[in-house]
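Could you build all of it, start to finish, from the sequences and the hints given here?
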Amino acid sequence: MHKPETKTAGFGWLIGFALLAILLIVLPHLLSFSQQEILVMLVIDVLLVCSYRLLTLTGEWSLAHAVIMGVGAYASALAAKELAVPVPLAMLVGASVSAFLAFLLSFPLFRMKGFYFLIGSFAAGEVIRLMWKWSDLTFLFGGPKGIKRIPSMPDLFGIDFFEPVNYYYLCLIVVAVSLLILYRVERSRIGLTFHAIHWQDKLAESVGVNTFRYRMLAFVISAFFAGLAGALYAHYVGAVAPNRFDVEEMVYILIWAIVGGTATFYGPIIGVVTLTIINEVILRALGVDEMRPMLYGALLIVSILFLPDGLESLVPKTKAWLASRKERRENMRTEEVPAE
Amino acid sequence: MTKLSKGGMDRRQFLSTTAAAALLASVSMPKIAFGAEKTVKIGFLAPLTGEVAAWGKPGLDGCHIWADWINADGGVKVGDEMLKVEFVPYDDEYDPSKARAGAVKLIKEEDVKFIMMLGGDPWPGASQVAEREEMLVSTLLPSDLTPDTEMLLAPCEVHPIYNVTGVEWLAENKPDLKTAVICAQDDALGKPSVATYLAAFEAAGIEVLDEPIFFDPATTDFAPIMSKMLALKPDIICLDTCYADYVHPLTEQAFQQGYKGQMISCTADFYQKMVEKTSKEFMEGFIFQFPDFDDPKLNEPHVNFKKPNDFYQEYLKRYGAGEWSAVSWEYASIMDLWADAATKAGTTEPTDVLAAMKEGGVGKHAFGEADWWGEKLFGINNALVGLWPVVAIQDGKAKIQDFKSIPDWWDQHSDLLIKHMKALGQMYYQRT
Amino acid sequence: MTAELFLQTVVNATYAASYMALIAVGFVLIFGVMGVINFAHGELYMAGAYTVVALYADMGFPFFLAVVVGLIFVGCLGLVMEVGLFRPLRDNPLGGLIASIGFLLILQTVAMMGFGVRMENVPPSTQDKIVFLDGAVLTYQRLYVILAAVGLLSALWIFLRKSKFGWSLRACAQDREAAVLQGISINQTARIAMFIGAGLAGVAGALTAPLVSPTPFMGHSVIVTAFIIIIVGGIGSLEGAVLVAILYGFVHTFVTTMYDGTLANIVGLLLMLAVLIVKPTGLFGAKERA
Numbered sequence: 001m002h003k004p005e006t007k008t009a010g011f012g013w014l015i016g017f018a019l020l021a022i023l024l025i026v027l028p029h030l031l032s033f034s035q036q037e038i039l040v041m042l043v044i045d046v047l048l049v050c051s052y053r054l055l056t057l058t059g060e061w062s063l064a065h066a067v068i069m070g071v072g073a074y075a076s077a078l079a080a081k082e083l084a085v086p087v088p089l090a091m092l093v094g095a096s097v098s099a100f101l102a103f104l105l106s107f108p109l110f111r112m113k114g115f116y117f118l119i120g121s122f123a124a125g126e127v128i129r130l131m132w133k134w135s136d137l138t139f140l141f142g143g144p145k146g147i148k149r150i151p152s153m154p155d156l157f158g159i160d161f162f163e164p165v166n167y168y169y170l171c172l173i174v175v176a177v178s179l180l181i182l183y184r185v186e187r188s189r190i191g192l193t194f195h196a197i198h199w200q201d202k203l204a205e206s207v208g209v210n211t212f213r214y215r216m217l218a219f220v221i222s223a224f225f226a227g228l229a230g231a232l233y234a235h236y237v238g239a240v241a242p243n244r245f246d247v248e249e250m251v252y253i254l255i256w257a258i259v260g261g262t263a264t265f266y267g268p269i270i271g272v273v274t275l276t277i278i279n280e281v282i283l284r285a286l287g288v289d290e291m292r293p294m295l296y297g298a299l300l301i302v303s304i305l306f307l308p309d310g311l312e313s314l315v316p317k318t319k320a321w322l323a324s325r326k327e328r329r330e331n332m333r334t335e336e337v338p339a340e
Numbered sequence: 001m002t003k004l005s006k007g008g009m010d011r012r013q014f015l016s017t018t019a020a021a022a023l024l025a026s027v028s029m030p031k032i033a034f035g036a037e038k039t040v041k042i043g044f045l046a047p048l049t050g051e052v053a054a055w056g057k058p059g060l061d062g063c064h065i066w067a068d069w070i071n072a073d074g075g076v077k078v079g080d081e082m083l084k085v086e087f088v089p090y091d092d093e094y095d096p097s098k099a100r101a102g103a104v105k106l107i108k109e110e111d112v113k114f115i116m117m118l119g120g121d122p123w124p125g126a127s128q129v130a131e132r133e134e135m136l137v138s139t140l141l142p143s144d145l146t147p148d149t150e151m152l153l154a155p156c157e158v159h160p161i162y163n164v165t166g167v168e169w170l171a172e173n174k175p176d177l178k179t180a181v182i183c184a185q186d187d188a189l190g191k192p193s194v195a196t197y198l199a200a201f202e203a204a205g206i207e208v209l210d211e212p213i214f215f216d217p218a219t220t221d222f223a224p225i226m227s228k229m230l231a232l233k234p235d236i237i238c239l240d241t242c243y244a245d246y247v248h249p250l251t252e253q254a255f256q257q258g259y260k261g262q263m264i265s266c267t268a269d270f271y272q273k274m275v276e277k278t279s280k281e282f283m284e285g286f287i288f289q290f291p292d293f294d295d296p297k298l299n300e301p302h303v304n305f306k307k308p309n310d311f312y313q314e315y316l317k318r319y320g321a322g323e324w325s326a327v328s329w330e331y332a333s334i335m336d337l338w339a340d341a342a343t344k345a346g347t348t349e350p351t352d353v354l355a356a357m358k359e360g361g362v363g364k365h366a367f368g369e370a371d372w373w374g375e376k377l378f379g380i381n382n383a384l385v386g387l388w389p390v391v392a393i394q395d396g397k398a399k400i401q402d403f404k405s406i407p408d409w410w411d412q413h414s415d416l417l418i419k420h421m422k423a424l425g426q427m428y429y430q431r432t
Numbered sequence: 001m002t003a004e005l006f007l008q009t010v011v012n013a014t015y016a017a018s019y020m021a022l023i024a025v026g027f028v029l030i031f032g033v034m035g036v037i038n039f040a041h042g043e044l045y046m047a048g049a050y051t052v053v054a055l056y057a058d059m060g061f062p063f064f065l066a067v068v069v070g071l072i073f074v075g076c077l078g079l080v081m082e083v084g085l086f087r088p089l090r091d092n093p094l095g096g097l098i099a100s101i102g103f104l105l106i107l108q109t110v111a112m113m114g115f116g117v118r119m120e121n122v123p124p125s126t127q128d129k130i131v132f133l134d135g136a137v138l139t140y141q142r143l144y145v146i147l148a149a150v151g152l153l154s155a156l157w158i159f160l161r162k163s164k165f166g167w168s169l170r171a172c173a174q175d176r177e178a179a180v181l182q183g184i185s186i187n188q189t190a191r192i193a194m195f196i197g198a199g200l201a202g203v204a205g206a207l208t209a210p211l212v213s214p215t216p217f218m219g220h221s222v223i224v225t226a227f228i229i230i231i232v233g234g235i236g237s238l239e240g241a242v243l244v245a246i247l248y249g250f251v252h253t254f255v256t257t258m259y260d261g262t263l264a265n266i267v268g269l270l271l272m273l274a275v276l277i278v279k280p281t282g283l284f285g286a287k288e289r290a
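Residue numbers (the numbering used here), protein chains in the order written: chain A, 1 to 340; chain B, 1 to 432; chain C, 1 to 290.
Since the hints were derived computationally from the structure, they do not count as laboratory data. One should not assume that every hint holds.
[What the hints assert, rightly or not] Pairs of lysine-lysine residues, derived as DSS-like cross-links and limited to a Cα-Cα distance of at most 25 Å, are as follows:
1) A:Lys202 <-> C:Lys279
2) B:Lys280 <-> C:Lys129
3) B:Lys41 <-> B:Lys77
4) B:Lys399 <-> B:Lys280
5) B:Lys260 <-> C:Lys129
6) B:Lys404 <-> B:Lys306
7) C:Lys129 <-> B:Lys233
8) B:Lys317 <-> B:Lys399
9) A:Lys81 <-> B:Lys422
10) A:Lys113 <-> C:Lys279
11) B:Lys297 <-> B:Lys280
12) B:Lys404 <-> B:Lys358
13) B:Lys306 <-> B:Lys344
14) B:Lys358 <-> B:Lys41
The model shown is predicted, which means the values in this text are computed figures rather than measured ones.
As structure tokens, this is what we get:
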């Protein structure tokens, strides 16, 4: 009785994923040109927010994530531009530099927890960002103007990656693989330990878990993928500047994660997709440019007040609702049968 | 799940498009009445929200006046047709990725024939799109120009080169002032401007005391900076190309800390408020580069900007007395140049318009006949320079003192400017 | 550094310390009592400045009337936040943070639509100034800020020491659950804390409006300063906030004068990091907690 049920469930998942894959492949061709551009950014943001969620599993909320994305972007841009490293390799360099920086930052930052970590990570991020801006380091980071004319992804097999659709597919593959890795990490023993640290860090410590090492591991992995997102961004847009990675950007990451919900893997993805569609497509189409921040703010408040567990909490509810409807229909049918 | 979200999106899109349609219909009713006429669309890709919006929004306002006037006259003559002009704005939020999406939308979806940008940070995002689509783009910041930006023009404000005119005029009229200090915010506007002022002061034989002071754009309290400058006891305080948010508190601080000497600045937006905050006596003789357009000197025959005095009055009438700023007229003046070139070319195709615009290496700049110039500084002759006004405050009102020629200065002192630009890393081959 | 520049810098620093203290104390009070990081604190400061823009600069009411209205108006904004946002999210500290970000965006946009994106100009209410021996200058306009900081913060201190409300405020700040067991109404205490905290930010904005040029985005830089002060001073410690505001005001002003402003910001942040690493409870936090 038990076995076939999981089998059908697995089968359902498979169909679901196949449909999703088809949708994602077809999607850019259904959109307008400028929406394709937004789509590329959206896929990059998905990676950004999912990498952020990994760190939140350990219970820590960082305010340095946007800057760490920037570290990947800067490192990748500099590697490709100044050291002539091939772009795909430079992206990995960028991601690794982010990860390494996270490793270094772990030592001071994970002496703190909770609110202190939040603020500490903010300070660390701001120091890095101010370094980019500082006039004494302009020769390296380009000062407040940042780095321009970053080499773009070279053509591969005659595919022109300047075209948003092609770059979208590239990002889609990179992000899909990254998400798979993030998912596997979460489901592995390491991921379970992250959860354990979140809910019972004293207990975890008492059974011999080195919580510092696991926190650091979460931070480093999360930074790696944030850096990768930054590198994907840098080589597409062709320019990075310190203000692109400021508090405001960080606030957006937080908002996506929280409005979407962080209890499930898909929560942040729902958050970033929904909010980007609302902000970039609907509010722009309404022609309310000046009012956009206010509507966004109102939306935030409404969602945090009435959907405190994020949009993801709607999924089981909808499922339950659909199931109950189905059940009712089936009940009706079974009731109808004898009537006939 | 996928189906559900897709269905949801469709409904949202439907709602948004119906709402947008309703909104558009209500807003643009009068235009639809003329619907049968042909129009040409012009893109306005600049920050309309956020902190940099002050450099975009007033320009769009000015363009609306320009469009209303030109359309009332029938439109722009292109070939045998009269084309009405319609501006399509896109808020780039001063972000390169949004500028890229905006450029794509304007070019591929709106079919605009020309895009006006503020330039700066967002430009690198839009540049590749513009290049591939062969779109003609204008910027207010010539520091965006490089040898390969063939379709990018700086046709109005060749910041900061015109700042030399103010210093030149000052040296001619107040020869006893011998020392200066400079401060600027540390950013894309401040740096090249400092190099220009350094060159201009050196050319005029004025000594700059100490290093220029760069401050963080996030600075809120300017008292320490002014204290530091006043401690050097200069004859001239130069505020470089500080934004109005900095010029005002700096000037006020100079006044409060007892400074009595000369001040010079690139801009002095809302200077009336500065007069209110300090005193008429203190502000007397304050030199800057941006005239009010009710200035009678703008009616001199060499000025190409159409009906400057009326434009100023109309602007104040529509948007309020306190809203006039340096960028209010600039985008509109670029449109004059474009309309002229489109008429000359007989088409709105960007490459043809560009060719017509640059024909003979000269162009009709807002303040007079000017040269397409810039090769030595930007690597390309896509900046239009000629005369530029020197403005000073007299009895609480900005008055044009003189129009000075930038090319004349350049012919004598180009080596100085290049030297200082190089020292601050502002030459086109140094800008990364 | 000449004696004259030194003296002027001391004057500048005193002013900087005063307005930082006004803002930081409100921020600390709100965090201490309610456990919420009020990200919109900078925008409350902005709202105070715009009250003066509207009432004093535009409509011509007396300056000090506008300042008082600014205090009350922004205090009421604080009440709205407490009742509408923070109370329903009492058990969700991150929720309070997000809600305050939403509120921040709304305030910014309202200011932008009501007054335009451009900076506002507020003429000084007086141009009188005190000239010290060596020529260092302190304008009355800046003196008001210093006086307000000293006056209001002393009043607050007495209020917290002497009144019953002050007692419950401190009790909530130290241990909320224990406070409830003592029969203290959390909601009422939170309302008072929010009103005072927001009102102090509003007064700071109102008084500095003629000194800075108000823009809808002026709150940005304020919040970072508030963060630094709250951490170095120790969370929940009002005395710590005041002392660190003074310390930070002086360090920042002197580094700006002698080197540059970006370096001053970096120094501030590094100071904060150092304190977080060495003594996360802040320089003055432990005493309060014991």
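Tested hints:
no.	hint	verdict
1	A:Lys202 <-> C:Lys279	holds, 21 Å
2	B:Lys280 <-> C:Lys129	holds, 18 Å
3	B:Lys41 <-> B:Lys77	holds, 14 Å
4	B:Lys399 <-> B:Lys280	holds, 14 Å
5	B:Lys260 <-> C:Lys129	holds, 16 Å
6	B:Lys404 <-> B:Lys306	holds, 20 Å
7	C:Lys129 <-> B:Lys233	holds, 21 Å
8	B:Lys317 <-> B:Lys399	holds, 21 Å
9	A:Lys81 <-> B:Lys422	holds, 21 Å
10	A:Lys113 <-> C:Lys279	holds, 13 Å
11	B:Lys297 <-> B:Lys280	holds, 22 Å
12	B:Lys404 <-> B:Lys358	holds, 22 Å
13	B:Lys306 <-> B:Lys344	holds, 18 Å
14	B:Lys358 <-> B:Lys41	holds, 22 Å
The structure shown violates none of the earlier numbered hints.
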